[in-house]
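S.K.: Listed below, chain by chain, are the residues.
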Amino acid sequence: MNSRRLLVSLMVMIMTTGVLAHHGTSITYEMDKTITVTGTVDEFDFSYPHPSLFVDVADEKGRVVKWGVEFLPTPAALKSLGWNKTSIKAGDKVEMGCHPSKSGKPVCALQSLTINGKAAQLGAGPGGPPPAAPPAGARGGQRE
Amino acid sequence: MSRHHRIPAGALLLVTGSVLAAAVTFAQTPKPFDPHDLSGKWARTSFNQGFSTVPESGRGNAPQAPFTAAGKAAYDKNYPGYGPRANATLRNDPMGSCDPLGIPRNLNAEVVSSHNWWEIVQLPDRMMQLFEWHHEYRVVYTDGRKLPDATADLDAKWNGYSVGKWEGDTFVVDSVGFDDRTWLDKFGYPHTDGMRLQERYRRTDATTLELTMVVTDPEYYTRPWESDRKVFKLNGLQIDRRWDEQIYCVPSEEQKFNRLIRDPASGK
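Here the protein sequences line up with chains V and S, keeping their order.
For the first sequence, the working numbering assigns the number 1 to the initial residue and increments by one for each residue that follows.
For the second sequence, the working numbering assigns the number 1001 to the initial residue and increments by one for each residue that follows.
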């Protein structure tokens, strides 16, 4: 790997870490674990800081539990992949790979998603695309 | 009838060499810039998101903050969502409820991704600083007025009361009158309403702005505490996805997110 590619890779890694740390995400979810959650969408909230999805999930006894799902990419990052506020609609069937909450409550951080059987693009990073490249002329290796 | 003129190889080499040398010189010639013009849209490229490169920033090994006992006690009551002191259940970062971030936290630039830009607008009698997060602005008076007496009963402001002047090519901003509810940075460093802040801005080339800051707050810090060097790159007024993103911290959205997602996830 040449030095330029290495620098870009390092920046993506560092910046992705920053995104994951937003609002303390990394201390809230078990980021090293992934569970599968399947249900019917009740609401899709395409807003900052992170879009949220609320899904009705039936347990083994048929009781419906409402799950809250946090997207890690921002709306802008998702827009660049073609998303908008109607990309998920109430009634859609979703299957999600999710990082479970540390509290054990029915809340998780989205890692992968299919909507009505079709895989949705969340980007290259863990749960989302790496942020945009730094502005032209930025010296990535510039440190304090 | 055409005639072929022979060009001596030496002359050809000389001309080619001269053209190449001129091209290299042109490429290496720095863009002209006015060091007293700080206006433009800037994006932070230095990595540290904290006020200083203290150990919890993960960006250096500067000594721990020079706390007084009162300063350390105030620090211990601030529970950030970031760094080694991050506390999922007790977190009380003002950012988490869309409260104003204030100065200097706005200048540390909160996050690395898309909302770290800010803009400087220079007017004849003041400088405006516009921050994307919260769509907040700050005024630095440059009309020669004096800073208010910091010991007077100032009306505290989120961004303080600021005056600026040029010292050579360095723009020096002195501020007092801060609201003590803000943190210096995301790691929870506190300040009192008696804090004095000095910012020193320097445009080092056409596209680079550097900033260092010093907090003087004897009630919480035993000596003036200096930030690391923040580096920002000029982006002009380029519009693309990264720069066209409109980011407000909307209290109702933040409250809903906290109530339905973040609080239950953290067991708060």
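Just so you know, the hints here were simulated from the structure itself, not pulled from any lab data.
Even for Gly, the Cβ is constructed at its ideal location relative to N, Cα and C.
Heads up, a few of these hints could be off.
To be verified - As a list, the in silico BS3-like pairs of lysine-lysine whose alpha-carbon atoms are at most 25 Å apart:
id: 1; chain 1: V; residue 1: Lys33; chain 2: V; residue 2: Lys102
id: 2; chain 1: S; residue 1: Lys1165; chain 2: S; residue 2: Lys1072
id: 3; chain 1: S; residue 1: Lys1146; chain 2: V; residue 2: Lys102
id: 4; chain 1: V; residue 1: Lys89; chain 2: S; residue 2: Lys1256
id: 5; chain 1: V; residue 1: Lys93; chain 2: V; residue 2: Lys33
id: 6; chain 1: V; residue 1: Lys79; chain 2: S; residue 2: Lys1146
id: 7; chain 1: V; residue 1: Lys102; chain 2: S; residue 2: Lys1256
id: 8; chain 1: V; residue 1: Lys89; chain 2: V; residue 2: Lys118
id: 9; chain 1: S; residue 1: Lys1256; chain 2: V; residue 2: Lys85
id: 10; chain 1: V; residue 1: Lys105; chain 2: S; residue 2: Lys1041
id: 11; chain 1: S; residue 1: Lys1072; chain 2: V; residue 2: Lys79
id: 12; chain 1: S; residue 1: Lys1268; chain 2: V; residue 2: Lys66
id: 13; chain 1: S; residue 1: Lys1256; chain 2: V; residue 2: Lys105
id: 14; chain 1: V; residue 1: Lys33; chain 2: S; residue 2: Lys1157
id: 15; chain 1: V; residue 1: Lys33; chain 2: V; residue 2: Lys85
id: 16; chain 1: S; residue 1: Lys1077; chain 2: S; residue 2: Lys1268
id: 17; chain 1: S; residue 1: Lys1146; chain 2: S; residue 2: Lys1165
id: 18; chain 1: S; residue 1: Lys1256; chain 2: V; residue 2: Lys66
id: 19; chain 1: V; residue 1: Lys102; chain 2: S; residue 2: Lys1157
id: 20; chain 1: V; residue 1: Lys118; chain 2: V; residue 2: Lys85
id: 21; chain 1: V; residue 1: Lys79; chain 2: V; residue 2: Lys61
id: 22; chain 1: V; residue 1: Lys118; chain 2: V; residue 2: Lys66
id: 23; chain 1: S; residue 1: Lys1157; chain 2: V; residue 2: Lys93
Unchecked claim - Derived contacts from chain S toward chain V, CB cut-off under 8 Å, selection only:
id: 24; residue: Pro1084
id: 25; residue: Ala1086
id: 26; residue: Asp1193
id: 27; residue: Ile1247
id: 28; residue: Pro1251
id: 29; residue: Arg1262
id: 30; residue: Ala1265
id: 31; residue: Ser1266
id: 32; residue: Gly1267
S.K.: Output the numbers, in ascending order, of every earlier hint that fails for this structure.
M.R.: Result: hints 2, 3, 6, 10, 11, 14, 15, 19, 21, 23, 24, 26, 28 break, sorted rising.
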